[in-house]
Structures are given as structure tokens and as C-alpha cells.
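Residue numbers (the numbering used here), protein chains in the order written: chain W, 1 to 331; chain Y, 1 to 323.
Heads up, a few of these hints could be off.
Just a sample of chain W residues kept apart from chain Y, beta carbon distances all over 12 Å, derived [to be verified]:
1. N28
2. S122
3. R156
4. D276
5. K288
Some but not every residue of chain W turned toward chain Y, in silico, with C-beta under 10 Å [said to hold, decoys possible]:
6. V44
7. K45
8. L59
9. F120
10. V168
11. F298
Please keep in mind that the hints were generated in silico from the structure rather than gathered at the bench.
A virtual CB, placed ideally from N, CA and C, is assigned to each residue, including glycine.
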Amino acid sequence: MMGKRIGTGRNGKKRQFIDLVMSEDRWNKQVKRKKKLRDTRKIVKVSLVTLFAACFAVLFLMPIVLTITNSFMSASEISANYGQVFATTDTGGKVYISERVNLKFIPDLVSFSQYITVLFKSPEYLLKFWNSVILVVPIVGFQLLVAMGASFGFTRYRGRIKEMIFFVYIILMLMPYQVTLVPNYLVSDWLHILDTNWAIWLPGVFSPFAVFLLTKYMRRIPVSVMEAAQIDGAGEWQIFQKICMPLCKGAMCSVAILIFIDYWNMVEQPLILLSDPEKHPLSVFLSKINAGEIGLAFAVATIYMVPPILVFLYGEDYLVEGITYQGGIKG
Amino acid sequence: MRFLKGKKPQKSLYELQEEATEQNKTLKKSRRAGSNRRDRRGKRISVLYLLPSILGVLLFFVLPFLIVIYYSVIDNPINGEFVLFDNFVMVFNNAAFKQAAKNTLMFSATAVPLAVVLSMLLAMMLESKIPFKSQFRTFFLSPMMVPIASVVLIWQVLFHYNGMMNEIIGWFGKDKVDWLNSAYAQVVIVVLFLWKNLGYNMILFMAALSSIPKDILEVAVLESASPFQIFWHIKLRYMSSTILFVTIMSLINSFKVFREIYLLKGDYPYDTMYMLQHFMNNTFGKLDYQKMSAAAIMMAVVMVVIIGILFITENYFGKDVEG
Numbered sequence: 001m002m003g004k005r006i007g008t009g010r011n012g013k014k015r016q017f018i019d020l021v022m023s024e025d026r027w028n029k030q031v032k033r034k035k036k037l038r039d040t041r042k043i044v045k046v047s048l049v050t051l052f053a054a055c056f057a058v059l060f061l062m063p064i065v066l067t068i069t070n071s072f073m074s075a076s077e078i079s080a081n082y083g084q085v086f087a088t089t090d091t092g093g094k095v096y097i098s099e100r101v102n103l104k105f106i107p108d109l110v111s112f113s114q115y116i117t118v119l120f121k122s123p124e125y126l127l128k129f130w131n132s133v134i135l136v137v138p139i140v141g142f143q144l145l146v147a148m149g150a151s152f153g154f155t156r157y158r159g160r161i162k163e164m165i166f167f168v169y170i171i172l173m174l175m176p177y178q179v180t181l182v183p184n185y186l187v188s189d190w191l192h193i194l195d196t197n198w199a200i201w202l203p204g205v206f207s208p209f210a211v212f213l214l215t216k217y218m219r220r221i222p223v224s225v226m227e228a229a230q231i232d233g234a235g236e237w238q239i240f241q242k243i244c245m246p247l248c249k250g251a252m253c254s255v256a257i258l259i260f261i262d263y264w265n266m267v268e269q270p271l272i273l274l275s276d277p278e279k280h281p282l283s284v285f286l287s288k289i290n291a292g293e294i295g296l297a298f299a300v301a302t303i304y305m306v307p308p309i310l311v312f313l314y315g316e317d318y319l320v321e322g323i324t325y326q327g328g329i330k331g
Numbered sequence: 001m002r003f004l005k006g007k008k009p010q011k012s013l014y015e016l017q018e019e020a021t022e023q024n025k026t027l028k029k030s031r032r033a034g035s036n037r038r039d040r041r042g043k044r045i046s047v048l049y050l051l052p053s054i055l056g057v058l059l060f061f062v063l064p065f066l067i068v069i070y071y072s073v074i075d076n077p078i079n080g081e082f083v084l085f086d087n088f089v090m091v092f093n094n095a096a097f098k099q100a101a102k103n104t105l106m107f108s109a110t111a112v113p114l115a116v117v118l119s120m121l122l123a124m125m126l127e128s129k130i131p132f133k134s135q136f137r138t139f140f141l142s143p144m145m146v147p148i149a150s151v152v153l154i155w156q157v158l159f160h161y162n163g164m165m166n167e168i169i170g171w172f173g174k175d176k177v178d179w180l181n182s183a184y185a186q187v188v189i190v191v192l193f194l195w196k197n198l199g200y201n202m203i204l205f206m207a208a209l210s211s212i213p214k215d216i217l218e219v220a221v222l223e224s225a226s227p228f229q230i231f232w233h234i235k236l237r238y239m240s241s242t243i244l245f246v247t248i249m250s251l252i253n254s255f256k257v258f259r260e261i262y263l264l265k266g267d268y269p270y271d272t273m274y275m276l277q278h279f280m281n282n283t284f285g286k287l288d289y290q291k292m293s294a295a296a297i298m299m300a301v302v303m304v305v306i307i308g309i310l311f312i313t314e315n316y317f318g319k320d321v322e323g
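Make the full structure from the sequences, and use the hints.
Here it is in C-alpha cells:
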């Protein structure tokens, strides 16, 4: 039979042979039908994937939504839902002893009583909030500054020694906080900064985390760019200021977001390094809220979520853009 | 004729060449000397940029670590007698340490690969053309914003014996499970970890996927490569450094999960949730610095080995793809 081969077929699938006898008309119809089939298949596929993604998204969003909606419940509704007793065990953990724990999304009656308590009746919460700001903002700013300089140093004139130091940075970054817990305490004691904000600030500022991320990003900048600047007579400072800083803007923003969120949630450091509970940030306070105040906890948590959300909304594009090259960089 | 008369003795071609190379050499030499001088100066300046960070790290990260090493080889801080490996042997034979090490290892060995693979899948899902892509991205990132305390609160409500998970299980006619006080505890923690970290990892992978050169993918399609082949031979290759990066980030975050476990269950959680950090925290509470330090050192050594292996694999796997 005479056959004409049309196309090779995508993905090496079946090859199509049609008779030359087949009329052009029939052929076109067949093509159209196939196309339609492919289109519907595509639509089904996309909608399935979307549905799947939506399910995932709901799971991911649930805690945030729960926190916010539950903060509008009155204290009595909260205790009705989450049990009469919310006791503290001797180990410090929290345990529900209620018969039934009811997870509810929509409050029966929207009430602002929790917020009123938090914002107007007890100033301690606002004070702790301010503590958090005071502790976190300098860390983010200065860690970025120090890390920018360090990553510039790691990017320029790479040698064996610098690579080794960089590896040490990575190892230090990976150490869980508990490893250096005691020594950190001893060092702060030795420096006479224990029980002051400096005990939190200084280790935060010099944390290797931002150095690692920014170096990974900065090494992505083509060497030729810096060399060209050098040939044109730019000094190191000018290369740093005119080339590295502007090119790393996105990366700096994304790193700033990560640091901010990390330190905004710190619990261990203040507990150990600041013995005065007056100085503790809200994150520590929030994790200690117990018996009878669970409704307040939701309201405080909602307020506490505002800065991260703002930072996030403002910087999400930077986060995405800033990471864009990070992943692909060769250390 | 004048110009004939004044003609200089012509140099041979060979001589000319010789001269040129000579000139070139001196030129190169002088240039090299210049660049050397400039290089050395630049090097010195670049070290200056590093200095603040290195000093700070030395003071707040390396010095503490040295103190840890010192504590791990003495009998107690007051006596200060050198006992070499006694502490290590003691810790190594400690049942609690063994349990903690096993749990930490189990947790990291399951949670980190899961985080890498699942976030890669999520990223590829979002890469295929679906509507509301950026909204989904934000949703997946949202767990990063929730304060730990409320995460813990909600997790307690979800996985409480009379909580929501058990109710859902009840619909399918299964028996209730005491999630936080049974062998399932580790599952709960892994889920918590994944929930928290998938979004960020996913963004990293999405960035890596979008930076794969399009022409290579197009050629692969033209050459009728199957989707699996495209994934295995091209995408995975190009993402290898991202995979390393995500693994490192996940590893860091897998150690941070302690914070949540601690807030959930306190100093002594159920056996399978008892992590190395609990061990260190508790020995610190008992002022047993030597045990704590020995455990910390062992953990550090294991970490160095793991990171070393990761770097070597990445080098081997992705060396032919630059960038």
C-alpha cells in the first residue's frame, strides 16, 4: 500500500501513515478531531492540577485563617470550643484536658473583646511588641551590612584560604543553636553584655547565615563586570558600591525577609540571655501564654503576624527575584 | 638617490621577530608586575571587607565552639582535668543520647529528602500553565509568616486526642490515634516541618526551573525525548546546585523544628520526638556541660561529614553544567 508519512509524531509515539487516497477533506477533519481531543485532554489536566494545588493551598492557609478568625471570638466561645481546662503540666508544655476540642473557623459572634484587652487594657503586650521591634530591626539592618561586606570579601580574589573560611561559615551556620548555647552565655558574661539587648544583637549581627546567602548570590555576578570596572580605574570600594550593591538589591531584600522572620520568632535566645522578663520579646511571651488566655493568644498572634505579613507583601517579588540566582550559583 | 643612500642596513625578518617578542616580553612583565601590585592591594582591601564579619564570627561562633571542645575533654569545669575521650564514651553509652541521636537522624533522613522532593514536585506543578500561579505561590509561602506560638496552638488543636484529625479519621471508621503521644508523633513533626518549609523550597526550585535555557528544552522536545528523559537528563542536571542549596536550607530548618517540639511538649516529649537538642537542653539544665559538649561535638562531626558528602556529590553530578 502506498503510504505517506506525516510528521514523526511527538515523543516518539506512533507514526502516522495515511493513504494517498484519503481526501484532503477527510485528512483535515481527522486533524481537527485530534486537536480537539488534545485540547480537552489539556483542559482536564490543567484543571486537575489546579484542583490539586487548591487543596494544598487550603491546607497551607488554614492555620493563618484560623488564627485570624479565632481572634474575633469572645473568650467564652473560645473556651467552649477548646475545652474548659487548658492546664499547664509540670514540664512546661500545654495540655488540653477537655472532652472535645472543636475547631471552628467562623465565630458565632464577632467580638473585639480580645483586641480591646490586648490593645487598651493591658499595655504589657504592646510593650513586648516594642521589645520585639527593638531586638529584631537592628539585627536585620546590621547583619545585612556586615554580610554585604563579608560576601564582597569572599567574592573578590578567591583563594584557598577564603574557600576554607567559607566552608567553616557553612558549618557554623548549620549548627543548631543548642550547640553554642552555653558557650554563648559564657562569652556574653565575659563581655559583660549579659541581660542587655547587646547579648541578642551582637550574635545576631554576626550570624553567618546572611553571609552564606549573599556570597552565593554575589559570586553569580560575572567576574568580567568587576574586571572591566577595575580596568576603568575603579577601586574596591567603588566596585562594591557601584556594582555589587545595586546588583544584589533583590538578594538583600530576600535575605532581609528571611532574617526578619527568623528573628521575629526567636524563643531560645532571649530566654537564656535575658533574665529580665521585661525585656523579652513578644514571641517568648506568646509561647508562654497559658490557662484561660488562649483567646488572647489568638489576638496577640494576629497582631504579631502583621509585621511579617507587611514585610512579605512588600517584598515577595524581591524574595522570588532575589532567590532566582541563588539556587543556580556554584559555590 | 637620497633614499637609497640613506638606506639603513635592513634587518632580517628573524631579527625583527626576535625584537618583537623581546618587546612583548618586557611589556607583559611590566604589566604583570603592575597587576600584581594592584592585585595584592585589592586582596588586602578585600580582606578588610571580610574583617568585621570574621572578627564577629570568631567571637560569637568560633570561640564558643572552642569552649565546647574544651569542655568536652575535661572532667568538670572546676577541676579542669584532662580526660580525653571519657566524656564521649560516657555520652555514647547513654541511653537517652542514643535515643535522641536515632530520632534526630530518623527525622532528618525522612524530612529533608521529603522536603526536597515534594517542593520540587510542587514547583513543577506550578510551572505547568495553571491559573492563579502567583496567588498559589503566596499561599504556599504563608506558613512562614505564622508565629510559632500560634502554629503550636493550632497543631495541638488538630492533633489532640479529641481533635480534628481524629474526627476526620472517625468518619472513615478508624480508631482514634493519640498523635502526640504515640509512634505517630514523628509523623506529626514531619508534617509540621513540611508545612512550614515547602513554600520556600518551592520558590527556590521555581527559580531554578525558570533559569534553565529554553533552547535546550526545545531541542529535547524536537528530538522526541520523553518528559521523563527531559526531567532526568536536563532539568535535574541544571537544578543540581539548587538541590544542594535546598538540602542545606532544609537541614538547617530541620534542626529548628526543635523549637516547635519544645513548645508543644516541653522538656520530655514522647520518646520518638526526643531530639538531640532536647538532650543538650536537658543536660544544660542539669549543668552537665561535659555531656552536652561531647554530644555537640559528635553532632558537629556528623554534620561536617554530611555537608562534605553533599558537596562532593553536587560537584560530581553537576560539574558539566555551568551556572
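Taking 12 Å as the cut and beta carbons as the points, is W:N28 off the interface with chain Y? Given a closest Cβ separation of 25 Å, the condition holds.
Mind verifying the non-interface call on W:S122? Its CB should be farther than 12 Å from each CB in chain Y. holds, 17 Å
Does the CB of W:V44 sit less than 10 Å away from some CB of chain Y? At 13 Å from the nearest chain Y Cβ, W:V44 fails the 10 Å test, so the hint is violated.
Per the stated criterion, does the least C-beta distance between W:R156 and chain Y lie above 12 Å, as a non-interface residue requires? violated, 4 Å
Whether W:D276 stays farther than 12 Å from all C-beta atoms of chain Y, as the label says: Answer for W:D276: holds, closest chain Y Cβ roughly 20 Å.
Using the nearest Cβ pair, does W:F120 come within less than 10 Å of chain Y? violated, 22 Å
Going by Cβ atoms only, is W:L59 closer than 10 Å to chain Y? Holds: closest Cβ of chain Y sits about 7 Å from W:L59, inside 10 Å.
Would you settle whether the hint for W:V168 is holds or violated, based on the nearest Cβ-Cβ distance to chain Y being less than 10 Å? For W:V168, the interface hint holds, since the closest Cβ of chain Y sits about 8 Å away, which is under 10 Å.
Status of the hint placing W:K45 at chain Y (closest C-beta pair under 10 Å): holds, 8 Å
For the hint on W:F298, does the least C-beta distance to chain Y fall short of 10 Å? W:F298 check passes; min Cβ-Cβ to chain Y is 7 Å, inside 10 Å.
Interface exclusion of W:K288 relative to chain Y, criterion Cβ beyond 12 Å: Label violated. Min Cβ-Cβ 8 Å, cutoff 12 Å.
This entry does not satisfy hints 3, 5, 6 and 9, going by the numbered hints stated previously.
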